[in-house]
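Trainee: Next come the chains, spelled out residue by residue.
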Amino acid sequence: AQTVTQSQPEMSVQEAETVTLSCTYDTSENNYYLFWYKQPPSRQMILVIRQEAYKQQNATENRFSVNFQKAAKSFSLKISDSQLGDTAMYFCAFMKHVYSGGSNYKLTFGKGTLLTVNP
Amino acid sequence: DTAVSQTPKYLVTQMGNDKSIKCEQNLGHDTMYWYKQDSKKFLKIMFSYNNKELIINETVPNRFSPKSPDKAHLNLHINSLELGDSAVYFCASRIGAGNSPLHFGNGTRLTVT
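Chains A and B supply the protein sequences, listed in that same order. Converting from the first sequence to the working numbering requires adding 440 to each position, the first position being numbered 1. Converting from the second sequence to the working numbering requires adding 294 to each position, the first position being numbered 1.
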């Protein structure tokens, strides 16, 4: 079974600074996909960034970037120029194809990191 | 124009009751999911349907029964509610492409008293 580990239950950062959230996963698969979602107090689940395992280049979305180390099975999220609105629970997630034929994919989440951005 | 909508947003009920949560997506996706988020915020998959066919059925009590009348809808019916069923339930959908992410509804907070 795939497991996703987020070793930092809580983190805090000052506004405008940079913070890195760690994530490791365990799999014997070669093809899979990785995601970071954020969940602000509003409870909404918002996609932050995605990475395909077959791509060596790290994904970037504005202030958000990842450091994907496939051999180490590591997928950390870097948030630059942190803003108050970045305060949220951040979930790392692993997705793989579950059954043969058709588009059947299973997304497994880590336990989350609560990030607080301080003014 | 909400992409994935769940109703109700909040649900308070007593132990032993039967309740349903409805989910609809207008994104044209072919796969839909139910996730449960417990009090510690852990998200766990419950079910997944692809084109109305049940594909993923995790270890979930038989009291939970999903129903997919068509590709755009996936409802969750819960019989004989228990205190431990209190949680936030999220519906999600995605299209079949490999790197396509899940799009989540805003969740239904179920409280069983």
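These aren't lab readings, by the way, just hints derived from the structure by calculation. Incorrect hints may appear among the rest.
What the hints assert, rightly or not - Straight line, CA to CA, 25 Å or less: simulated SDA-like cross-link-like pairs of lysine to any residue:
(1) Lys334/B / Ser452/A
(2) Lys335/B / Lys495/A
(3) Lys335/B / Asp466/A
(4) Lys551/A / Asp364/B
(5) Lys335/B / Lys365/B
(6) Lys330/B / Lys510/A
(7) Lys551/A / Lys365/B
(8) Lys510/A / Ala456/A
(9) Lys546/A / Val406/B
(10) Lys338/B / Ser514/A
(11) Lys335/B / Asp526/A
(12) Lys365/B / Thr527/A
(13) Lys551/A / Glu347/B
(14) Lys335/B / Gln496/A
(15) Lys495/A / Lys365/B
(16) Lys546/A / Met309/B
(17) Lys546/A / Asp364/B
(18) Lys335/B / Ser505/A
(19) Lys536/A / Leu377/B
(20) Lys365/B / His537/A
(21) Lys335/B / Arg490/A
(22) Lys495/A / Ser394/B
(23) Lys334/B / Lys510/A
(24) Lys361/B / Glu450/A
(25) Lys546/A / His367/B
(26) Lys536/A / Thr353/B
(27) Lys334/B / Lys495/A
(28) Lys338/B / Val453/A
(29) Lys330/B / Lys495/A
(30) Lys316/B / Tyr472/A
(31) Lys551/A / Ile350/B
(32) Lys330/B / Val453/A
(33) Lys513/A / Asn400/B
(34) Lys365/B / Ser514/A
(35) Lys365/B / Ser452/A
(36) Lys338/B / Arg503/A
(37) Lys316/B / Thr464/A
(38) Lys303/B / Lys495/A
(39) Lys316/B / Lys513/A
(40) Lys546/A / Lys338/B
Please read these numbers as outputs of a predicted model, since none were measured by experiment.
Trainee: When the hints from earlier in the document are held up against this structure, which numbers fail?
Mentor: Hints 2, 4, 5, 6, 7, 8, 9, 12, 13, 14, 15, 16, 19, 23, 24, 27, 28, 29, 30, 32, 33, 34, 35, 36, 37, 38 and 39 not satisfied by this model.
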